[in-house]
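Enquirer: Below are the chains, spelled out letter by letter.
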Amino acid sequence: MPDPRFFPTAGVQRLVDIAAVAEARFEGDGERLFTGVAPLQTAGPDDVSFLDNRRYADALSESKAGAVVLHPAMAERLPVGCVGLLAAQPNLAFARIALLFHPDPVARAVVHPTAVIAPDAVIGQGVEIGALAVSGARAEIGAGCIIHSHAVVGDGVVLGAGCRIHPHASISHAIAGAGVVLHPGARVGAEGYGFATTAAGEHVTMPQLGRVILGDGVQVGANSTVDRGSHGDTVLGPGTRLDNLVQIGHNVHTGRGCVIVAHAGISGSSVLGDYVVLAAQAGIAGHLTIGSKVRIGAQAGVMNDVPAGTDVIGSPAWPVREFWRSIAYLRKIAQGGRAGAEARDRKADREP
Amino acid sequence: MPDPRFFPTAGVQRLVDIAAVAEARFEGDGERLFTGVAPLQTAGPDDVSFLDNRRYADALSESKAGAVVLHPAMAERLPVGCVGLLAAQPNLAFARIALLFHPDPVARAVVHPTAVIAPDAVIGQGVEIGALAVSGARAEIGAGCIIHSHAVVGDGVVLGAGCRIHPHASISHAIAGAGVVLHPGARVGAEGYGFATTAAGEHVTMPQLGRVILGDGVQVGANSTVDRGSHGDTVLGPGTRLDNLVQIGHNVHTGRGCVIVAHAGISGSSVLGDYVVLAAQAGIAGHLTIGSKVRIGAQAGVMNDVPAGTDVIGSPAWPVREFWRSIAYLRKIAQGGRAGAEARDRKADREP
Amino acid sequence: MPDPRFFPTAGVQRLVDIAAVAEARFEGDGERLFTGVAPLQTAGPDDVSFLDNRRYADALSESKAGAVVLHPAMAERLPVGCVGLLAAQPNLAFARIALLFHPDPVARAVVHPTAVIAPDAVIGQGVEIGALAVSGARAEIGAGCIIHSHAVVGDGVVLGAGCRIHPHASISHAIAGAGVVLHPGARVGAEGYGFATTAAGEHVTMPQLGRVILGDGVQVGANSTVDRGSHGDTVLGPGTRLDNLVQIGHNVHTGRGCVIVAHAGISGSSVLGDYVVLAAQAGIAGHLTIGSKVRIGAQAGVMNDVPAGTDVIGSPAWPVREFWRSIAYLRKIAQGGRAGAEARDRKADREP
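Protein chains in written order, with my numbering: chain A, 307 to 658; chain B, 307 to 658; chain C, 307 to 658.
Mixed in with the good hints, there may be bad ones.
[To be verified] With a Cα cut of at most 20 Å, we get these calculated EDC-like pairs of lysine to aspartate or glutamate:
1. A:Lys638 with A:Asp611
2. A:Lys370 with C:Asp522
3. A:Lys370 with A:Glu333
4. B:Lys599 with B:Asp611
5. B:Lys370 with A:Asp539
6. A:Lys370 with A:Asp309
7. B:Lys370 with B:Glu382
8. C:Lys370 with C:Asp335
9. A:Lys638 with C:Asp539
10. B:Lys638 with A:Glu628
11. B:Lys599 with A:Glu508
12. C:Lys370 with B:Glu434
13. B:Lys370 with B:Asp352
14. A:Lys638 with A:Asp617
15. A:Lys599 with C:Glu508
16. B:Lys370 with B:Asp335
17. C:Lys599 with B:Glu508
18. C:Lys638 with B:Glu628
19. B:Lys370 with B:Asp358
[Claimed, not checked] Across the chosen pairs, the derived CB separations fall in these ranges:
20. A:Val428 with B:Ala365: 30 to 38 Å
21. A:Val412 with C:Ala316: 48 to 56 Å
22. A:Gly615 with B:Ser367: 16 to 24 Å
23. A:Val428 with C:Val416: 34 to 42 Å
24. A:Asp364 with C:Pro378: 47 to 55 Å
25. B:Ala326 with C:Asp309: 28 to 36 Å
Derived from the structure by calculation, the hints contain no laboratory data. Backbone N, C-alpha and C fix where the C-beta goes; we use that ideal spot for every residue, glycine too.
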């Protein structure tokens with residue numbers, strides 16, 4: 307069970323209610339009560355657990371969980387006495403169950419006395435503001451927002467309803483929709499990297515006069531950075547989620563629901579469609595257009611536009627299939643021994 | 307026009323004054339007034355805009371801007387009635403115009419009552435210190451500095467005149483010149499990654515006894531980190547600019563005006579000449595010497611010294627031209643069709 | 307000598323005591339006094355210096371240092387009159403000497419009046435808490451901890467004895483052992499990147515219900531991020547050290563003494579053995595097992611399990627030897643003579 311020091315629960319739940327939020331099928335007594343969620347390895351008979359990766363199927367067989375969310379195809383692996391909660395998408399079903407036991411925090415309408423709120427800031431109903439948080443002049447903080455300790459909301463910033471700004475996050479020059487989450491240390495609206503260089507080598511700052519527009523439900527991970535537009539805006543579309551330590555350059559636009567994984571970076575003025583996935587440590591050069599549902603592999607380096615629906619990988623990035631073919635070729639060469647490679651080279655030189 | 311909630315302007319400007327700061331040529335009425343700057347797409351007849359990338363030439367034709375900064379070679383693309391401000395380097399010219407409308411912030415000589423300033427800190431004339439900022443013992447903060455909310459200036463740190471330390475930035479064990487800018491969350495002077503490992507596997511910290519020396523005009527991007535010297539100093543030369551999420555190891559030296567782009571890293575004790583460009587996500591191993599004006603491509607991994615004036619790319623890094631030749635070769639192999647590749651492979655299998 | 311503004315010393319030391327902590331051999335007057343440590347280039351006759359990299363042997367010959375720690379094999383390079391402190395592992399010996407002059411800071415039992423400490427937090431003996439630091443409800447802060455300005459210790463967090471939490475670091479949902487160090491801006495315990503996506507493309511947060519467990523002596527570098535477990539815990543084994551800007555995903559486990567260099571990342575649920583080295587900008591995909599003493603080269607991308615004791619590099623990662631063989635092959639192709647390559651290219655242009 308989650309450590310109660312950190313994770314208070316909403317209390318016991320009936321199996322029938324659990325199955326309902328999960329849209330899962332089950333057989334058995336719907337009135338049975340469960341106290342929480344837990345991993346397969348540590349779950350007890352009062353816990354709900356889940357399996358969404360075949361890799362862990364052995365843990366299922368040995369689990370003492372009272373109920374397990376899983377794909378119907380895995381149902382036969384359930385231990386005796388364990389209730390199966392069958393769902394086509396077990397991770398989604400389990401997320402909804404976990405949220406039933408551990409709902410998102412709700413703002414307590416309290417402003418800590420050490421917070422520094424500008425007199426002309428507009429604080430919505432029920433807003434919670436933690437110790438030593440700062441709200442700048444004319445900022446508008448929507449109803450039900452939680453501003454944690456040491457967060458800084460800059461002058462004029464607008465936060466929609468129900469945003470959560472975690473410790474040490476800062477946001478400036480930005481308009482955020484509802485339900486936006488900034489994780490600890492996130493930096494939204496900082497001055498981008500814009501300058502012109504004189505013939506003598508002096509870098510002259512280009513004033514960065516745009517904003518950051520965060521759609522509803524956008525999340526920015528811990529210590530990630532989203533620069534404001536240089537002119538025009540930097541825009542993260544609704545539901546886009548940045549993992550930790552991500553860099554978003556000025557004037558970047560993402561569509562809906564993009565997924566940008568840790569250490570990935572998008573250079574200035576590139577435009578992403580909807581549901582683009584940029585895996586860890588990958589990068590996109592500036593001024594490119596990436597179509598919807600493009601998936602970019604880890605450590606890829608994208609230097610050209612990518613049409614919608616394409617999967618690319620490598621640095622420079624190219625289609626996944628060709629990338630792996632080139633890797634396979636190189637491995638054969640390398641394992642083939644020096645002699646083989648050199649023979650081949652000599653031949654290559656002679657060949658047409 | 308830039309959002310006035312975030313970007314107050316210095317007021318209307320005459321065309322003749324605008325052209326003067328930009329060192330741009332124009333034809334027409336020098337007394338004409340302009341109210342601000344804006345991108346081509348949204349500029350109106352009272353705005354100055356600019357074009358510095360041919361990619362956006364179509365936007366020029368359709369722009370309603372009153373004046374546009376651009377290269378003389380593009381002048382014929384100007385829409386009717388739009389004043390051309392002709393400059394050999396349009397981005398530089400436009401930067402100066404934008405600074406005319408939106409000059410760098412000037413410190414207001416105010417210390418917020420919640421700031422915590424050590425009694426023996428030396429605060430220069432006209433310094434502005436924001437809410438909850440901290441200045442340590444014996445720190446010296448030069449005239450006209452702006453220390454934003456939640457910034458921390460450590461014991462003994464020296465800041466030259468006109469520095470700006472943004473929210474949540476911290477600086478310790480450092481001597482900074484004039485006009486240094488630390489963006490939000492920048493970490494200057496933290497203990498580097500130095501330790502010796504015993505035969506039993508215990509890591510014993512090597513005390514990091516050097517400083518960070520920041521030349522005039524150095525900028526450190528959001529959430530970037532500059533470790534102090536292990537012994538001797540870490541030095542960033544005048545005008546060097548780090549983008550966001552950059553890592554600078556202990557004892558690194560950069561020359562003047564180096565440009566280190568997001569997610570790039572320089573390992574301990576490497577020395578860079580002047581005007582080196584390290585593109586995004588690239589890395590330089592430790593104890594290397596990189597000559598002046600070297601340009602290192604995105605995601606490159608530099609493992610050897612690089613002579614001045616060279617362009618390198620790849621991981622491990624090598625000269626740009628040879629890198630692309632090897633990529634072209636691999637692509638030919640991979641695209642050459644499975645049949646071709648397999649034929650070649652079969653041949654390889656038969657070879658010694 | 308280290309700048310006394312930043313590095314107070316513990317006072318002069320006798321050569322015999324210096325040699326004793328270093329377990330080094332020397333010849334000469336054990337009563338001779340030394341005032342500090344310094345690099346070879348700047349050391350004077352009262353300083354102890356060291357050489358641990360042959361690259362800098364010339365600096366040894368010209369050094370004015372009174373004593374130098376070095377490997378016996380280098381002893382003949384000592385300048386006349388300079389005492390040799392001979393040690394099999396000079397960097398370790400020197401670390402111990404530097405710690406003699408500059409011991410780790412000791413907590414002063416002072417809580418700054420601006421710190422915000424929850425009434426039910428449990429503060430151990432001799433704890434030092436800086437300006438504007440925050441300790442949450444029910445947090446337990448062990449004896450002798452130093453919580454610097456602007457650090458935030460979350461509700462319920464447990465810190466063992468002698469931890470140091472630097473400015474702007476935050477820790478939540480975590481249990482830390484003794485002597486743990488969080489460098490400035492480190493983020494421990496933030497919500498990981500966990501969500502399930504509906505058919506309509508909506509990302510539903512998976513509540514992250516695990517903790518972070520930090521073993522004794524763990525260090526987390528500046529602006530690095532360690533996500534809490536999604537369920538189950540994220541665990542860093544005793545003595546594991548993260549450099550700056552490192553990302554550790556949810557449920558990752560590391561063994562003892564792992565070394566994770568700047569910009570490296572480990573994706574969710576991967577498990578590392580003891581003493582694994584992950585070099586700069588390298589990444590490990592999720593759900594992998596990396597054996598003890600594996601060394602992973604800079605910028606490597608690990609996509610498969612790696613058996614203990616193996617060295618890998620490349621993206622995707624493979625054994626070091628084969629990687630270099632493939633690189634050598636590609637270089638030969640690319641350099642293979644401009645003439646040869648161009649001939650090949652021309653031919654390719656004519657081909658179907």
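Enquirer: Is Lys370 of chain B within 20 Å of Asp352 of chain B, Cα to Cα?
Expert: Within the cut-off at roughly 9 Å; holds.
Enquirer: Between the alpha carbons of Lys370 of chain B and Asp335 of chain B, is the straight-line distance 20 Å or under?
Expert: 18 Å, holds
Enquirer: Would you check the hint for Lys638 of chain B and Glu628 of chain A, treating anything up to 20 Å between C-alpha atoms as holding?
Expert: Status holds; Cα separation ~10 Å.
Enquirer: At the C-beta level, are Gly615 of chain A and Ser367 of chain B separated by a distance inside 16 to 24 Å?
Expert: 32 Å, violated
Enquirer: A range of 34 to 42 Å was offered for this pair. Does it hold for the Cβ distance of Val428 of chain A and Val416 of chain C?
Expert: 39 Å, holds
Enquirer: Has the given pair, Lys370 of chain A with Asp309 of chain A, been kept, meaning a C-alpha gap of at most 20 Å?
Expert: It holds: about 19 Å lies between the C-alpha atoms, which stays within 20 Å.
Enquirer: Hint check: Lys370 of chain B vs Asp539 of chain A, CA-CA at most 20 Å. Holds or violated?
Expert: 19 Å, holds
Enquirer: Does the Cβ-Cβ separation between Asp364 of chain A and Pro378 of chain C fall within 47 to 55 Å?
Expert: Holds - the Cβ-Cβ distance for Asp364 of chain A and Pro378 of chain C, about 53 Å, lies within 47 to 55 Å.
Enquirer: With the threshold set at 20 Å, check whether the alpha-carbon distance from Lys638 of chain A to Asp617 of chain A stays at or below it.
Expert: 24 Å, violated
Enquirer: Measure nothing beyond the straight line between the CA atoms of Lys370 of chain A and Glu333 of chain A; if it is 20 Å or shorter, mark the hint as holding.
Expert: 18 Å, holds
Enquirer: What's the verdict on Lys599 of chain C and Glu508 of chain B, does the C-alpha distance respect the 20 Å limit or exceed it?
Expert: 14 Å, holds
Enquirer: Given the hinted pair Lys370 of chain C and Asp335 of chain C, is their Cα-Cα distance within 20 Å?
Expert: Since the Cα atoms of Lys370 of chain C and Asp335 of chain C sit roughly 18 Å apart, the hinted pair holds (cutoff 20 Å).
Taken one by one, the earlier hints fail for this structure at numbers 1, 2, 9, 12, 14, 22 and 25, listed in ascending order.
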